[in-house]
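Just so you know, the sequences run in chain order A and B.
Under this note's numbering, the residue at position 148 of the first sequence is numbered 754, and the numbers go up by one with no gaps.
Under this note's numbering, the residue at position 178 of the second sequence is numbered 212, and the numbers go up by one with no gaps.
What the hints contain is simulated information worked out from the structure, not anything from laboratory work.
Warning: the hint list may mix true and false statements.
Restricting the straight-line Cα-Cα distance to at most 30 Å, the calculated cross-link-like pairs of lysine-lysine (DSBU-like) are [to be verified]:
no., chain 1, residue 1, chain 2, residue 2
1, A, 666, B, 56
2, A, 666, A, 637
3, A, 672, B, 70
4, A, 615, A, 832
5, B, 70, A, 688
The following residues of chain B were derived to be distant from chain A, with all beta-carbon distances above 10 Å [as the list claims (entries may be wrong)]:
no., residue
6, 59
7, 65
8, 73
9, 87
10, 137
11, 156
12, 157
13, 166
14, 210
15, 213
16, 220
17, 228
18, 261
19, 283
20, 284
Just so you know, even glycine gets a beta-carbon here, dropped at the ideal spot from N, CA and C.
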Amino acid sequence: MNHLVEIEKLHFSRNGRPIFSGIDIVIPCGKVVAIMGPSGTGKTTLLRLIGGQLRPSAGKIIVADKNVHRLNQTELYRLRHKMGMLFQTGGLFTHLDVFENVAFPLREHTQLTESMIHSIVLLKLNMVGLRGAIHLMPGELSGGMARRVAMARAIALDPELILYDEPFSGQDPISMGVLVRLIRILNEALGLTSIIVSHDVQETLSIADYVYVISGGKVIGQGTPKTIMEDGSDELKQFLQGLPDGPVPFHYPAPAIADELIQRNA
Amino acid sequence: MMFERTASIGRLGLVIVRDWGKSGQLLFRILFRLPKPFRGFPALLQQIFAEGVLSLSIIVVSGLFIGMVLALQGHHTLAKFGASMELGPLVALSVLRELGPVVTAILFAGRAGSALTAEIGLMKATAQLSSMEMMAVDPIQRIISPRLWGGFVSLPLLTLIFNVTAIYGAWLVGVQWLGFDPGTFWSNMQSSVEFRLDVVNGIIKSVVFGFVVTLIAVHQGYFSESTSSGIANATTRTVVYSSLAVLGLDFVLTAMMIGGW
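The shape of chain A in the complex, shown without the other chains:
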């Protein structure tokens, strides 16, 4: 099977703190792959590394047969034409209305006529169910609507790869259901490859073809949603079942409370 993204022995540190210590991930073409893990494990950082916004300390990331971090800016920007990214906050331009937000990449990278841009924007917005919200400003949209507009903008140039950064966080059940459905439908209808970074277990597992779970800078589990759910390792069980204590401790490292109280009173 062809792989659209290949991550090999990736190391990345921030302020001397290792975030990834030699992880290997492959993303097959046409699949929805979920990258899951507790908060602070570097899931968003991984997306930024794939998009070339950050540089790894070691290892390589191949996207569409190109080593992302060996490209100059022009080549990187050309590669990004094949990628769309949905940011956690939506990342919509607050000074532009919904129409102009979706039209932005088309105006920047194509020579299409105004009527063609108008038609494409309408089609993309129709796919996410927001054709009626065309003249609204980002401030007038709910969180779920903003993400759907950002989704329409991300697919405006018909990319091959789409990166979703925590698409379900902070959403009500209806918005969450809509987003889950949209991610799956768009992936199939447009022949995309999707990478979802999330810690919403049920929603993500319901649409993923393959799952990687990362924690402590390493891949602690991988497989289809079914095999992941059946995995017996403590780390995976704690994450998937939301157990408060386990390999990821409930308490932040500190001396024993009795010792600390005695020391303070003394």
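Using the hints, position chain B against chain A.
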């Protein structure tokens, strides 16, 4: 204790050098990635409107009052020496050489510079700059560059408007209120002011101030920490650093100009 102090001085030095380096890199990228003509020109006009036209009210009102106060103070002092007829030259030279460029630049830093920093900082915090980058659009070229050039064009124009309104304010007080002869007021002013030495030098100062103040504003916004306190601190730094830079550079430029440069 001594070692700690030396270390903290060293750390401060490193922070300053790093900031200068980042600012230099940003400037280099702005200068070598000019906005594209089709998209850049409308963006530049938009920025001249946002930074220049929207600053007009504060500049006009301040210019008017500063000119009026200058005329009152000038009259009060010059009258002691029987030199009231020199009110026109006093006001014109003070405004054209110093007050116009300096006060306009400081007001510009407070009005437009702080707004620029907050806008860019918020765009960064809400992932608008990152999403632009991921859409293969360079935020330096699309967002930062038009803002820098907008400030560079706006400040000299605002300085000219400030100069005109300040002199008008002085005329209102001197001629209309205190009853000076308008002919003496204007002819003394005309004979004392030299276009090259006074008007052009003042505009040269405002061109330098425009570039420096806007560069500080975009630098602070672009490198601000993406938190509410980070953006607030960056906005404060813009106003403080810009005001200090304007006053310091004014001294340097004045010394160069008086020295016959």
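**OP:** Any hints from earlier that this structure breaks? Give me their numbers in increasing order, please.
**Re:** 8, 11, 12, 13
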